[in-house]
Amino acid sequence: MTQRISKYQRFKMMNPILQFFKFIYLSIKIMIIVAGGHGGTRKTNH
Amino acid sequence: MSKIVVLGAGISGHVAASHLRRKLSKKHEIVVVSPNSNYQWIPSNIWVGIGRMKPEKILFPLAPLYKKKGINYKQAKAVSFFPEGDKDETKPYVLSEYVVGEKKGQQEKVTYDYLINATGPKLNFEATEGLIPGQNKTYSVCTYTHADHAWQGLNKVIQQMKEGKKAKILIGTGHAKATCQGAAFEYILNVEQELRRHKVRDMAEITWISNEYQLGDFGMDGMLMSYGSMTMKSSEMVEMIFEDRDIKWILGAGVNKIEDGLAHYENLEGEIKTESFDFAMLIPSFSGHGFKAYDKNNNDITEKLFKGFMIVDADYTVKPYEEWSVQDWPETYQNPTYKNIFAPGIAFAPPHTISKPRQSKNGTDIFPAPPRTGMPSGITAKLVADNIIDSIKKGEESLHHKGSMGNMGAACIASAGYGMTQGSGISITTYPIVPDYYKYPKTQGRKLGKTFGEIGLAGHWLKLALHHAFMYKAKMKPFWWLIPE
Ligand SMILES: Cc1cc2nc3c(=O)[nH]c(=O)nc-3n(C[C@H](O)[C@H](O)[C@H](O)COP(=O)(O)OP(=O)(O)OC[C@H]3O[C@@H](n4cnc5c(N)ncnc54)[C@H](O)[C@@H]3O)c2cc1C
Numbered sequence: 001m002t003q004r005i006s007k008y009q010r011f012k013m014m015n016p017i018l019q020f021f022k023f024i025y026l027s028i029k030i031m032i033i034v035a036g037g038h039g040g041t042r043k044t045n046h
Numbered sequence: 001m002s003k004i005v006v007l008g009a010g011i012s013g014h015v016a017a018s019h020l021r022r023k024l025s026k027k028h029e030i031v032v033v034s035p036n037s038n039y040q041w042i043p044s045n046i047w048v049g050i051g052r053m054k055p056e057k058i059l060f061p062l063a064p065l066y067k068k069k070g071i072n073y074k075q076a077k078a079v080s081f082f083p084e085g086d087k088d089e090t091k092p093y094v095l096s097e098y099v100v101g102e103k104k105g106q107q108e109k110v111t112y113d114y115l116i117n118a119t120g121p122k123l124n125f126e127a128t129e130g131l132i133p134g135q136n137k138t139y140s141v142c143t144y145t146h147a148d149h150a151w152q153g154l155n156k157v158i159q160q161m162k163e164g165k166k167a168k169i170l171i172g173t174g175h176a177k178a179t180c181q182g183a184a185f186e187y188i189l190n191v192e193q194e195l196r197r198h199k200v201r202d203m204a205e206i207t208w209i210s211n212e213y214q215l216g217d218f219g220m221d222g223m224l225m226s227y228g229s230m231t232m233k234s235s236e237m238v239e240m241i242f243e244d245r246d247i248k249w250i251l252g253a254g255v256n257k258i259e260d261g262l263a264h265y266e267n268l269e270g271e272i273k274t275e276s277f278d279f280a281m282l283i284p285s286f287s288g289h290g291f292k293a294y295d296k297n298n299n300d301i302t303e304k305l306f307k308g309f310m311i312v313d314a315d316y317t318v319k320p321y322e323e324w325s326v327q328d329w330p331e332t333y334q335n336p337t338y339k340n341i342f343a344p345g346i347a348f349a350p351p352h353t354i355s356k357p358r359q360s361k362n363g364t365d366i367f368p369a370p371p372r373t374g375m376p377s378g379i380t381a382k383l384v385a386d387n388i389i390d391s392i393k394k395g396e397e398s399l400h401h402k403g404s405m406g407n408m409g410a411a412c413i414a415s416a417g418y419g420m421t422q423g424s425g426i427s428i429t430t431y432p433i434v435p436d437y438y439k440y441p442k443t444q445g446r447k448l449g450k451t452f453g454e455i456g457l458a459g460h461w462l463k464l465a466l467h468h469a470f471m472y473k474a475k476m477k478p479f480w481w482l483i484p485e
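Those sequence lines, one after another, are chains A and B.
Position 33 of the first sequence, counted from 1, bears residue number 33 in UniProt numbering, the numbering being contiguous throughout.
Position 441 of the second sequence, counted from 1, bears residue number 441 in UniProt numbering, the numbering being contiguous throughout.
Just so you know, not all the hints are guaranteed correct.
[To be verified] Label pairs and their in silico Cβ distance ranges:
#, chain 1, residue 1, chain 2, residue 2, range
1, A, M31, B, D300, 45 to 53 angstroms
2, A, G37, B, Y437, 18 to 26 angstroms
3, A, R4, B, K447, 39 to 47 angstroms
4, A, R4, B, P61, 31 to 39 angstroms
5, B, G164, A, P16, 47 to 55 angstroms
6, B, T337, A, P16, 26 to 34 angstroms
7, A, K7, B, H468, 49 to 57 angstroms
8, B, E89, A, G37, 39 to 47 angstroms
9, B, E102, A, R10, 35 to 43 angstroms
10, B, S276, A, I17, 56 to 64 angstroms
11, A, G37, B, E163, 54 to 62 angstroms
Treat the hints as calculated values from the structure; they're not laboratory data.
Here the structure is a predicted model, which means the values were calculated and not measured.
Just so it is clear, CB atoms sit at the ideal spot from N, CA and C, and this is done for glycine as well.
Kindly produce the complete structure, drawing on both the sequences and the hints.
Below, the structure written as structure tokens:
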């Protein structure tokens with residue numbers, strides 16, 4: 001069955017104070033993934 | 001001294017040119033050849049297409065910036081490639097044609113020591129009969145002019161709805177093998193929110209049409225992701241959002257013909273169907289630019305350089321989906337025949353798709369082409385520039401910088417509605433972009449934790465912050481290079 005967005009979830013999604021902290025958290029998390037770097041695949045994997 | 005020619009000034013061409021200029025002394029020449037006089041931050045076209053951002057906010061003219069920074073700019077388009085030169089010209093060159101001014105129509109042999117082909121995709125509207133931006137009630141948001149037209153078209157329909165006329169809105173992919181589902185996904189959510197803002201949502205039926213087999217495929221074979229404390233499939237997440245926004249969906253649809261307000265398509269069941277609409281935004285298929293290449297004796301050697309897009313260090317051996325691996329994907333974006341030619345961003349020919357290929361019961365291929373979003377376009381352009389810089393400084397080929405899409409994360413912040421307090425965004429990160437089933441066999445080829453989704457107002461702020469950060473970076477303002485790709 002399809003998961004629905006509940007009223008409480010929606011409140012959390014749109015609450016500016018909660019979302020401000022989420023903004024900081026997401027920015028850091030995304031930076032970590034981006035700064036996590038990149039590389040080749042051919043010599044490391046197999 | 002070396003001369004590096006960059007074709008294209010989109011995300012990857014501009015990133016490459018700016019890093020080359022910053023890190024190489026002025027005795028080395030950087031030349032950019034691009035037909036569009038403006039740089040555009042394409043991801044914000046979505047907001048131009050709903051009338052919430054003016055095109056001027058997402059673009060700036062390239063010529064003054066390049067003049068100030070010491071980059072030689074030619075407002076011209078590449079026509080054909082001569083990687084060995086010709087009988088009169090010993091150096092390799094690209095035949096380019098000026099597109100404006102006194103020199104308009106004139107051709108020039110632009111010689112190079114290193115060539116970066118960052119010409120992105122050709123928006124191949126012709127591949128779908130009747131899919132012409134601004135005609136037959138269909139629009140595109142792929143360029144700022146298209147997006148501006150789309151807003152005019154949408155606004156007209158909004159005004160009609162205000163006068164009591166019901167409307168059908170169709171958004172998605174306009175070809176059986178189109179890509180860029182993410183952009184269409186952003187646009188459908190933004191349109192839905194704008195209709196609510198204009199208080200006409202109940203007058204509209206909004207439908208998603210796509211060549212994806214499942215919702216949330218995004219040309220990346222879908223993903224398993226962390227969502228809050230749950231683990232969720234991207235298909236479930238998108239279904240939840242569409243259900244919540246009362247958006248209908250048609251999947252496995254290869255749109256093949258557009259008539260005034262009608263989209264004809266074939267689905268995976270082999271059924272031939274038609275969907276009517278009052279406003280449609282359909283992403284066209286992307287193709288290579290059809291460039292030709294010649295050797296020094298003027299023999300056609302196009303197949304050494306191009307396979308639609310440019311051939312690079314990918315493994316192009318044809319093999320079944322089950323045998324695909326991350327090792328098929330390129331790492332240095334270097335052409336194997338002419339080692340001073342590179343193709344980052346969308347300009348390189350992918351080894352195959354990322355999504356599973358599927359055919360309709362009539363044998364028509366209906367599945368998404370692989371996306372190359374802004375972040376990998378920027379990262380691959382920077383690593384190509386870094387390898388060229390190292391090669392020039394060392395006096396020998398250096399390919400230490402590598403970045404396979406099978407070993408690279410991507411952050412995709414999809415706008416789901418505009419507004420500082422009412423806006424929303426869906427933040428999705430994926431690691432790696434191309435699923436690595438060998439490393440992550442139990443989580444559909446992706447690393448959970450680094451592959452996650454979030455929905456909410458913060459996503460909108462993030463997308464807006466990225467818009468400003470990347471415009472700042474593209475304008476090469478102080479310390480621009482500290483902002484990562
Ligand atoms: C509506 C939309 C929204 C998007 N949103 C996002 C997003 O939110 N996040 C994200 O990561 N990605 C997004 N993308 C994808 C992103 O825009 C692309 O990944 C990126 O633009 C690719 O960069 P590129 O430099 O390879 O190609 P392009 O940006 O297309 O640049 C190609 C350049 O080549 C030039 N050119 C064309 N022909 C020639 C020729 N013959 N000679 C010389 N130059 C030529 C063009 O003028 C242009 O300057 C979006 C795309 C679209 C269409």
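Evaluated hints:
Taking 45 to 53 angstroms as the suggested C-beta distance range, the pair M31 of chain A and D300 of chain B conforms, at roughly 47 angstroms. Here the CB-CB span from G37 of chain A to Y437 of chain B is close to 21 angstroms, well matched to the stated 18 to 26 angstroms. Checking the proposed 39 to 47 angstroms range against R4 of chain A and K447 of chain B shows it is violated: the Cβ atoms sit about 28 angstroms from each other. Between R4 of chain A and P61 of chain B the Cβ separation comes to about 48 angstroms, which falls outside the hinted range of 31 to 39 angstroms.
Distance hint for G164 of chain B and P16 of chain A: a CB-CB separation of about 36 angstroms, inconsistent with the stated range 47 to 55 angstroms. Remark: the range hint 26 to 34 angstroms for T337 of chain B to P16 of chain A is contradicted by a beta-carbon distance near 56 angstroms. Look at K7 of chain A against H468 of chain B: about 33 angstroms separates their beta carbons, and that is not inside 49 to 57 angstroms. At roughly 41 angstroms, the beta carbons of E89 of chain B and G37 of chain A sit within the given window of 39 to 47 angstroms.
In this structure, E102 of chain B and R10 of chain A break the distance hint of 35 to 43 angstroms, their C-beta atoms being roughly 59 angstroms apart. For the hinted restraint 56 to 64 angstroms between S276 of chain B and I17 of chain A, the CB-CB distance of approximately 45 angstroms leaves it violated. Separated by about 55 angstroms at the C-beta atoms, G37 of chain A and E163 of chain B satisfy the suggested range of 54 to 62 angstroms.
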